[in-house]
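Read top to bottom, the protein sequences are chains X and H.
Add 134 to the 1-based position in the first sequence for my numbering, that's all there is to it.
Add 290 to the 1-based position in the second sequence for my numbering, that's all there is to it.
Do not rely on the hints blindly, as some may be mistaken.
Computed footprint of chain H on chain X; a stretch qualifies when at least three of its residues, placed anywhere within it, have a C-beta under 8 Å from a C-beta of chain H [unchecked claim]:
no.	stretch
1	163-177
2	227-241
Computed far set for chain H versus chain X, every beta-carbon distance over 12 Å [said to hold, decoys possible]:
no.	residue
3	V294
4	I302
5	T321
6	G330
7	Y340
8	E342
9	R347
10	R353
11	N361
12	Y362
13	S363
14	N369
15	L371
16	E372
17	L378
In case anyone wonders, no lab produced these hints; they're calculated from the structure.
Cβ coordinates follow ideal geometry from the N, Cα and C atoms, glycine included.
Take a look at the letters that make up each chain.
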Amino acid sequence: AQSVTQLDSQVPVFEEAPVELRCNYSSSVSVYLFWYVQYPNQGLQLLLKYLSGSTLVKGINGFEAEFNKSQTSFHLRKPSVHISDTAEYFCAVSKYNTDKLIFGTGTRLQVFP
Amino acid sequence: ETGVTQSPTHLIKTRGQQVTLRCSSQSGHNTVSWYQQALGQGPQFIFQYYREEENGRGNFPPRFSGLQFPNYSSELNVNALELDDSALYLCASFFTGGGHYGYTFGSGTRLTVV
Numbered sequence: 135a136q137s138v139t140q141l142d143s144q145v146p147v148f149e150e151a152p153v154e155l156r157c158n159y160s161s162s163v164s165v166y167l168f169w170y171v172q173y174p175n176q177g178l179q180l181l182l183k184y185l186s187g188s189t190l191v192k193g194i195n196g197f198e199a200e201f202n203k204s205q206t207s208f209h210l211r212k213p214s215v216h217i218s219d220t221a222e223y224f225c226a227v228s229k230y231n232t233d234k235l236i237f238g239t240g241t242r243l244q245v246f247p
Numbered sequence: 291e292t293g294v295t296q297s298p299t300h301l302i303k304t305r306g307q308q309v310t311l312r313c314s315s316q317s318g319h320n321t322v323s324w325y326q327q328a329l330g331q332g333p334q335f336i337f338q339y340y341r342e343e344e345n346g347r348g349n350f351p352p353r354f355s356g357l358q359f360p361n362y363s364s365e366l367n368v369n370a371l372e373l374d375d376s377a378l379y380l381c382a383s384f385f386t387g388g389g390h391y392g393y394t395f396g397s398g399t400r401l402t403v404v
């Protein structure tokens, strides 16, 4: 069975600073990896995904993530955050394209002016 | 507009009642999944439908049931509501095309059980 661990429940950061949100997964098979963002009172929006190929994945809003198979990690990064990036971020895995998504517990990114 | 529409946006029900939540997606979205997101938690998979047949289920009791219709809409039904059923319920449909690949989520239905 797959599982996802998001190591930080909250990450406070000042505007224009870099940020990294950590995600580790556990699986006995190859997986697809995703990062979603959830703004208050809204659904989930896909930031980026890793299916195969290059381990550095670029997504929307300036975010990127790096797949590290040996460390079973998929950390999300942004070089300079904005106030508008304040939201909940979820890492997720699936075994194949239409398989169910297994989510982590989320990381609350709080950007301060 | 994500292409996945859920209704209603908010709902208040009494313990023991039954509720039906609805999801509408676009043509070609053959796979639809439902998730429950309790406050402060990540979404938990309830079940999935493909071409009107259930083809996957999470760790939820039988009082959680669903339907998918030929017009790409679907329903989540919950019987004998319990207080712990209070959550945000998310519908997601799988779609490929126009550079998009993967699940698209609706904005959710916030269910409160009192």
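Hint check:
no.: 1; hint: 163-177; result: holds (count 5)
no.: 2; hint: 227-241; result: holds (count 10)
no.: 3; hint: V294; result: violated, 8 Å
no.: 4; hint: I302; result: holds, 16 Å
no.: 5; hint: T321; result: violated, 5 Å
no.: 6; hint: G330; result: violated, 8 Å
no.: 7; hint: Y340; result: violated, 7 Å
no.: 8; hint: E342; result: holds, 15 Å
no.: 9; hint: R347; result: violated, 9 Å
no.: 10; hint: R353; result: holds, 20 Å
no.: 11; hint: N361; result: holds, 20 Å
no.: 12; hint: Y362; result: holds, 15 Å
no.: 13; hint: S363; result: holds, 17 Å
no.: 14; hint: N369; result: holds, 22 Å
no.: 15; hint: L371; result: holds, 22 Å
no.: 16; hint: E372; result: holds, 22 Å
no.: 17; hint: L378; result: violated, 8 Å
When held up to the earlier numbered hints, the structure conflicts with 3, 5, 6, 7, 9, 17 and fits the remainder.
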